[in-house]
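Number of protein chains: 4
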Amino acid sequence: MNTWGNVLKLSIFGESHGPAIGITIGGYPPGIVIDADFIASEMARRAPGQGSHITARKEADHVQILSGIKDNVSEGSPICGIITNTGQHSDDYKNIPFRPGHADETAFIKYKGFADMRGSGHFSGRITAPLVFAGALAKIALKKAFNTEINGKIVRIAGETDETKFMDSIDAAKKEGDSLGGIIEVAAVNVPGGLGEPFFTSAESHIAELLFSVPAVKGVEFGSGFNMAEMKGSEANRDNHNGGILGGITNGKPLIVRVCIKPTPSIAKDGVTGRHDPCIVPRALPVIEACAALALLDLSFEAQRYSPWIK
Amino acid sequence: MNTWGNVLKLSIFGESHGPAIGITIGGYPPGIVIDADFIASEMARRAPGQGSHITARKEADHVQILSGIKDNVSEGSPICGIITNTGQHSDDYKNIPFRPGHADETAFIKYKGFADMRGSGHFSGRITAPLVFAGALAKIALKKAFNTEINGKIVRIAGETDETKFMDSIDAAKKEGDSLGGIIEVAAVNVPGGLGEPFFTSAESHIAELLFSVPAVKGVEFGSGFNMAEMKGSEANRDNHNGGILGGITNGKPLIVRVCIKPTPSIAKDGVTGRHDPCIVPRALPVIEACAALALLDLSFEAQRYSPWIK
Amino acid sequence: MNTWGNVLKLSIFGESHGPAIGITIGGYPPGIVIDADFIASEMARRAPGQGSHITARKEADHVQILSGIKDNVSEGSPICGIITNTGQHSDDYKNIPFRPGHADETAFIKYKGFADMRGSGHFSGRITAPLVFAGALAKIALKKAFNTEINGKIVRIAGETDETKFMDSIDAAKKEGDSLGGIIEVAAVNVPGGLGEPFFTSAESHIAELLFSVPAVKGVEFGSGFNMAEMKGSEANRDNHNGGILGGITNGKPLIVRVCIKPTPSIAKDGVTGRHDPCIVPRALPVIEACAALALLDLSFEAQRYSPWIK
Amino acid sequence: MNTWGNVLKLSIFGESHGPAIGITIGGYPPGIVIDADFIASEMARRAPGQGSHITARKEADHVQILSGIKDNVSEGSPICGIITNTGQHSDDYKNIPFRPGHADETAFIKYKGFADMRGSGHFSGRITAPLVFAGALAKIALKKAFNTEINGKIVRIAGETDETKFMDSIDAAKKEGDSLGGIIEVAAVNVPGGLGEPFFTSAESHIAELLFSVPAVKGVEFGSGFNMAEMKGSEANRDNHNGGILGGITNGKPLIVRVCIKPTPSIAKDGVTGRHDPCIVPRALPVIEACAALALLDLSFEAQRYSPWIK
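Chains as they are written, first to last, in this note's numbering: chain A, 11 to 321; chain B, 11 to 321; chain C, 11 to 321; chain D, 11 to 321.
Careful, some of the hints might be misleading.
Which copy is meant is left open, so a pair is good if it fits within one copy or across any two.
Unchecked claim - Below, computed lysine-lysine pairings styled on BS3-like, alpha-carbon distance capped at 30 Å:
| # | residue 1 | residue 2 |
| --- | --- | --- |
| 1 | LYS122 | LYS154 |
| 2 | LYS80 | LYS154 |
| 3 | LYS242 | LYS175 |
| 4 | LYS163 | LYS263 |
Hints listed in this document are in silico derivations from the structure and should not be mistaken for laboratory results.
So that you can see chain A by itself, here it is in the shape it has in the complex (with noise of 0.2 Å):
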């Protein structure tokens, strides 16, 4: 279960202090070049310590690449990745009640306080960087193969939705000790058309369970999303409402999806110290999209099964 995919195979593993995290991914193809300037770029995007309204946390977010890649080409077999954690500041987290709004007590329920809980330990947002990996290497291979670009934006932070004031909000809601969750848009553009199931994989299914394992995420939509549920049909028939995605097929027009991320639970108005973002949603944007990528890639796959029977 720390498993996903049909045939794209990722498997994720670490704790926020223990050794090093990381993420394997099988079934990726050979032959494909790897752009280690790219990988470091999408990393730097998750990193944080980008601003002042970042968390002063130091994660350098290196990833060591253990196999399935030599001289920066895909081998074909699976590509494992990891990060070493260095410098975590153990004590912060030493003794702490279960915090509101955190997996602390679930983790509890789980696994009878055997968990490494000190930063989140495996439910930790930081977690999510082998994602940005993974995510990275699957927009090289759509990028190659389809042409496929896939970029998200915020749309949301609290009630702002102008982009030029996210910033701004963020500054407020630091001062008071809160935190601010927001919105989230990706689009996929050139996506191949057919990808995706009538059922049960459906391609809104697929992408909807990779983006609801992003710690944070609370809900997920696709095209107009909610909204559809106030138009008319005769309105909803129209232009790309339904996001690229009809019978939970692609059908080559742009892909949209939209998750909201809920504020960072750990706030010093609730007593929590340690340095913690105010809110989390520019870092959460690599993530979102390597989510999409990863989903699209792991459909592609699936969808050239048919391939010596139907040209």
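For chain A, the structure is supplied; the task is to place chains B, C and D on it using the hints.
For chains B, C and D alone, coordinates are given in the frame of chain A:
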């Protein structure tokens, strides 16, 4: 990909105008008394023909059990239930060009014209009938083991949130030859804590994966969902805004999930003939409940894996 | 667990004395002409009643197709085929204590007495009939895409390897109220190279997994199999001792697999009444071929995943 | 496909001459004390350099645990263990043409020359080292919950079945520049009854699937295996000829499985230079045990699914 579940194994089949539709449920526990009346009543909730607002089609939706249940008791072996298709008016759908908002085009892209798309074929909402059957079995098992209760309600039809006016809205849309969508909320109480995994098989992931295979679902949210994006952390941490799931794992509080159902794309206004519901939200209600029940049952199976080691 | 396959998805169901047995095949390509006569002839190879050596039971084994095939052409949607059970003599099996060599006891351990074990229930060799149906579909698809041919033969019945004497051996055992086992060899030619994975889904793993679900199979070997244990490397490296698979991946040479079939445990000598085959090896032949065909078809689907990247 | 398991989730990675090899084990129960000395002793059983008969290569095979275990106790989160590759002599394998009996050609067919095949790369027997690590964890868990013990022995080296003469046979083959295969038998006692499913995930299927992913395994048999083909039913029904599995489900008797290991294909006689074992059977012993342990642990997880319903 027409299969779903990690330990519980669903496999669905059938076309709207083929001989029969059905589902096989593997992994269901033995020794459970299956109340045939309850099954029938759940099927009736999804069946058409219940009022003036609803399609005039006559679908018996009687489930014939081919295996796995003997003398109303589950055997432990796979349960296959089928529903024979009768009285379909195939001519209604002859030579229809790709209808907007439908799977007609994506089915063509994927299956190159070989899919029998009469009545939307394997993409028909009718294929959710077997899901309701499976969901009824899941409700019975969850009730017996954990006293879990799963109940849904319509919280919005188009712009209307007043329950007493839903039917008027639907009537008005019907007269216009148009259709309406809405929002369904399902609450599950007495859900055991500890269901779900931190990553990839979070409770949200698993439930959403199944919900998004239901035709017409375009959004899924848990707890306060997209509204959490507008809360501050200090507010979001309180109450049950997380909808009974934290860190991907259930915490024993009521599990709350909401889905949006898009308006039926088949509308007279667009020149589509045939008998179509102006609003499928009421009939979708038991389908959404069924998905929640099936996902929780599967997660409850997985959660047992530790039982020989941890009491 | 009643499902099998990574991209091709099999789901099997049914008890020997229930209403029907059947299988659903997901992922089968659209547009393939299904020769109903070929299906019937494959089913006939497994059916009883073909000679004096064989059980006198009358099983029609006519497959009724519920979905996924229209006008003898596959649609791309899941194919469900069922076989109605008729004329079962349930009384033959009433109140039988656990029979040696049967699943009676293990079924009781697992299902606590709730399994309908008349005619061995879901454990019956009869459940392999749907596999033969699915295997026939797989043979058709493999033949069309790759010209693959899959043929089996009996290479041993008990101590006898002379084909012309097999029936005499069986007759002799029948007279003694005893039963015989044997060895079946299946060869597949024109198998595409590159099927299978280095680990966990090696071609051997995938084929063997399916073969070992056939009741009565107690051993599986590839190429020269157990005989390779006695060869020196200098000999083993020559010819096709590896049976067309190296490093878990097919090399295009004939794929050779052998299985041992244990003697039928139901014997008059042990006081078991009813009509039983003194030797099921002849009827198992098409079942073993079916497994090989299904495993190769699934592997061929997976092997297509690289096609957008590598020509 | 580099992943295995239904509830227990293995994911393997690494090339013989890459930075590291490793495995991630998901689903392992929390709270289990992991005896580091036992892990080391199991790794040592597979490591080379134990005698004159064995390869002179120096492989430390120290497992570095990156996650999931803290202070020698399992946490419940995925366990990743890696083994750093050091001191590989890459030049030994430069420009080698396809070697007979190796994966060289099939790797080329599948990965189009992009796989790093130095030391056989991801196809190397070295990749079984992480399996031994995972198997040691499985043995510990099975021992704790069920007191299960899993032990293997060599029953044949080439034509020799006298244990005291195995090393002489290997020495003789080494002098000839040739290699030998053999047969390993593993017995598991105190296996809980009720593990496995009637179809597709029979205990035999699940164990064999894993065993056949071990390079060099070309045959798998249970109980009396291929010898059962030569017995009459009256004999086969007695004793434990079925090797503790009936109808695909364990019956609590000792589970017996045998595998054949083909002779090492790398032989001086064929002009292959480098340091190669003349017989890998002794080192394969802990690998085969590991597979049995892992398959039984996964099956034991699945078997718990009924526990809330059936006591």
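Structure-based check of each hint:
no., hint, verdict
1, LYS122 - LYS154, "between (46 Å within a copy, 17 Å between copies)"
2, LYS80 - LYS154, "within (19 Å within a copy, 38 Å between copies)"
3, LYS242 - LYS175, "between (34 Å within a copy, 16 Å between copies)"
4, LYS163 - LYS263, "within (18 Å within a copy, 33 Å between copies)"
The structure fails none of the hints (numbered hints given earlier).
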